[in-house]
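Engineer: Sequence:
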Amino acid sequence: VFMRDVTLCNYGNPKKLKNGLFNFSKLRILVQMFDELHQYQRSKYYHPSDDRTQAFCSKLWSLDDH
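Using my numbering, read the sequence shown as starting at 7 and increasing by one per residue.
It is possible that some hints are incorrect.
As the list claims (entries may be wrong) - Label pairs and their in silico Cβ distance ranges:
#1 7 <-> 28: 19 to 29 Å
#2 33 <-> 67: 41 to 51 Å
#3 45 <-> 21: 18 to 28 Å
#4 25 <-> 60: 52 to 62 Å
#5 22 <-> 42: 24 to 34 Å
#6 36 <-> 60: 36 to 46 Å
#7 67 <-> 9: 28 to 38 Å
#8 66 <-> 27: 48 to 58 Å
#9 27 <-> 7: 29 to 39 Å
#10 24 <-> 52: 30 to 40 Å
#11 53 <-> 28: 41 to 51 Å
#12 26 <-> 54: 54 to 64 Å
Claimed, not checked - Listed below are the simulated DMTMM-like cross-link pairs for lysine to aspartate or glutamate, each with C-alpha atoms no more than 20 Å apart in a straight line:
#13 32 <-> 42
#14 24 <-> 11
#15 32 <-> 11
Think of the hints as simulated: they come from the structure by calculation, not from any bench.
Small disclaimer: the values here were computed from a predicted structure and weren't measured.
Glycine is no exception: its CB is placed at the ideal position from the N, C-alpha and C atoms.
Could you build all of it, start to finish, from the sequences and the hints given here?
Structural biologist: In structure tokens form, the structure reads like this:
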């Protein structure tokens, strides 16, 4: 979802305005998007241990294994 929003903002808005000035509104929106992503990356998430899920995941195999 994040990359789609960034792509739409980037390609859906001109780099420069008709008067030749840089489109700082576009740049501000992109900065806000990346700030929000950075905030999520810095957050710690607590996920309680679940024995059933761990048992299921331990039995999974990847294509490289076989």
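Engineer: Each hint: holds or not?
Structural biologist: Evaluated hints:
1. 7 <-> 28: 19 to 29 Å: Holds, at about 27 Å.
2. 33 <-> 67: 41 to 51 Å: holds, 46 Å
3. 45 <-> 21: 18 to 28 Å: With a Cβ separation near 26 Å, residue 45 and residue 21 satisfy 18 to 28 Å, so the hint holds.
4. 25 <-> 60: 52 to 62 Å: holds, 60 Å
5. 22 <-> 42: 24 to 34 Å: Hint holds: Cβ distance 25 Å, inside 24 to 34 Å.
6. 36 <-> 60: 36 to 46 Å: holds, 39 Å
7. 67 <-> 9: 28 to 38 Å: For residue 67 and residue 9 the Cβ distance comes to about 29 Å; the hint holds.
8. 66 <-> 27: 48 to 58 Å: For residue 66 and residue 27 the Cβ distance comes to about 54 Å; the hint holds.
9. 27 <-> 7: 29 to 39 Å: Given a distance of about 31 Å, which is inside 29 to 39 Å, the answer is holds.
10. 24 <-> 52: 30 to 40 Å: About 50 Å separates the Cβ atoms of residue 24 and residue 52, which means 30 to 40 Å is violated.
11. 53 <-> 28: 41 to 51 Å: Since residue 53 and residue 28 have Cβ atoms about 43 Å apart, the given range 41 to 51 Å holds.
12. 26 <-> 54: 54 to 64 Å: holds, 56 Å
13. 32 <-> 42: holds, 16 Å
14. 24 <-> 11: Cα-Cα ~24 Å, so violated.
15. 32 <-> 11: Roughly 12 Å separates the two Cα atoms, so the pair holds.
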